[in-house]
Amino acid sequence: NAGVTQTPKFQVLKTGQSMTLQCAQDMNHNSMYWYRQDPGMGLRLIYYSASEGTTDKGEVPNGYNVSRLNKREFSLRLESAAPSQTSVYFCASSELSAYNEQFFGPGTRLTVL
Amino acid sequence: QKEVEQNSGPLSVPEGAIASLNCTYSDRVSQSFFWYRQYSGKSPELIMSIYSNGDKEDGRFTAQLNKASQYVSLLIRDSQPSDSATYLCAVGIQGAQKLVFGQGTRLTINP
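Protein sequence lines correspond, in order, to chains X and Z.
Using our numbering, read the first sequence as starting at 89 and increasing by one per residue.
Using our numbering, read the second sequence as starting at 7 and increasing by one per residue.
Be a bit skeptical, because a hint or two may be false.
[Said to hold, decoys possible] Here are the simulated DSBU-like pairs of lysine-lysine, each with C-alpha atoms no more than 35 Å apart in a straight line: (1) Lys-48/Z to Lys-104/Z; (2) Lys-97/X to Lys-145/X; (3) Lys-97/X to Lys-48/Z; (4) Lys-104/Z to Lys-62/Z; (5) Lys-145/X to Lys-159/X; (6) Lys-62/Z to Lys-73/Z; (7) Lys-73/Z to Lys-145/X; (8) Lys-48/Z to Lys-102/X; (9) Lys-159/X to Lys-102/X; (10) Lys-97/X to Lys-159/X; (11) Lys-62/Z to Lys-48/Z; (12) Lys-104/Z to Lys-73/Z; (13) Lys-104/Z to Lys-145/X; (14) Lys-62/Z to Lys-145/X; (15) Lys-102/X to Lys-62/Z; (16) Lys-73/Z to Lys-97/X; (17) Lys-145/X to Lys-48/Z; (18) Lys-48/Z to Lys-73/Z; (19) Lys-159/X to Lys-62/Z; (20) Lys-102/X to Lys-145/X; (21) Lys-104/Z to Lys-97/X; (22) Lys-104/Z to Lys-159/X.
Derived from the structure by calculation, the hints contain no laboratory data.
Next comes chain X alone, as it looks inside the complex (with noise of 0.2 Å):
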């Protein structure tokens, strides 16, 4: 099993380019969440999806935009990219439960200019 995978590594983007970053995940998981890590704030959750169908803003949810495609993937859209969208994007995914282990993916590195 593969867990939890994401496209692409790493990526350069002007201002105002748009992009898709992808996640996939093999483990039957309800949940599935994206995460941006930026130096000193750790992680901050951006959207999740509960279950599929569903999708649900998190704490810093702005610029961007997800679609939970089918129960194993859920991408993450950045209409129109700004240098403060630059970070370490991780997306993670979990059974649906009232103990929600995440299991995170090995990241996206994007880099607006």
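Fit chain Z to the given chain X structure using the hints.
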């Protein structure tokens, strides 16, 4: 007040000693608590989870939970240089399928 607080460190511990990492949280009804280890340039890796008061041991790692004091800690016995990493504390939010993370404590084990 931040929901989950950790001392950002760096915490420096000699090899073979016990490393003690601490975390406090503000949501009194939280049920689930996790410790993640993150090496530089890598993703967070779940190393311990704890759901009830007391201690939970797994190899050289012990997680301790005190819900009355809203405090969770991680002890690493016989610290090794390979334990040098950032340790993230995460707390489950009651009624919501999500976690809140602390900022992480950077731990360095000195040979």
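Tested hints:
| no. | hint | verdict |
| --- | --- | --- |
| 1 | Lys-48/Z to Lys-104/Z | 21 Å, holds |
| 2 | Lys-97/X to Lys-145/X | 24 Å, holds |
| 3 | Lys-97/X to Lys-48/Z | 11 Å, holds |
| 4 | Lys-104/Z to Lys-62/Z | 22 Å, holds |
| 5 | Lys-145/X to Lys-159/X | 18 Å, holds |
| 6 | Lys-62/Z to Lys-73/Z | 14 Å, holds |
| 7 | Lys-73/Z to Lys-145/X | 28 Å, holds |
| 8 | Lys-48/Z to Lys-102/X | 25 Å, holds |
| 9 | Lys-159/X to Lys-102/X | 32 Å, holds |
| 10 | Lys-97/X to Lys-159/X | 22 Å, holds |
| 11 | Lys-62/Z to Lys-48/Z | 26 Å, holds |
| 12 | Lys-104/Z to Lys-73/Z | 19 Å, holds |
| 13 | Lys-104/Z to Lys-145/X | 11 Å, holds |
| 14 | Lys-62/Z to Lys-145/X | 33 Å, holds |
| 15 | Lys-102/X to Lys-62/Z | 48 Å, violated |
| 16 | Lys-73/Z to Lys-97/X | 39 Å, violated |
| 17 | Lys-145/X to Lys-48/Z | 25 Å, holds |
| 18 | Lys-48/Z to Lys-73/Z | 31 Å, holds |
| 19 | Lys-159/X to Lys-62/Z | 33 Å, holds |
| 20 | Lys-102/X to Lys-145/X | 25 Å, holds |
| 21 | Lys-104/Z to Lys-97/X | 24 Å, holds |
| 22 | Lys-104/Z to Lys-159/X | 17 Å, holds |
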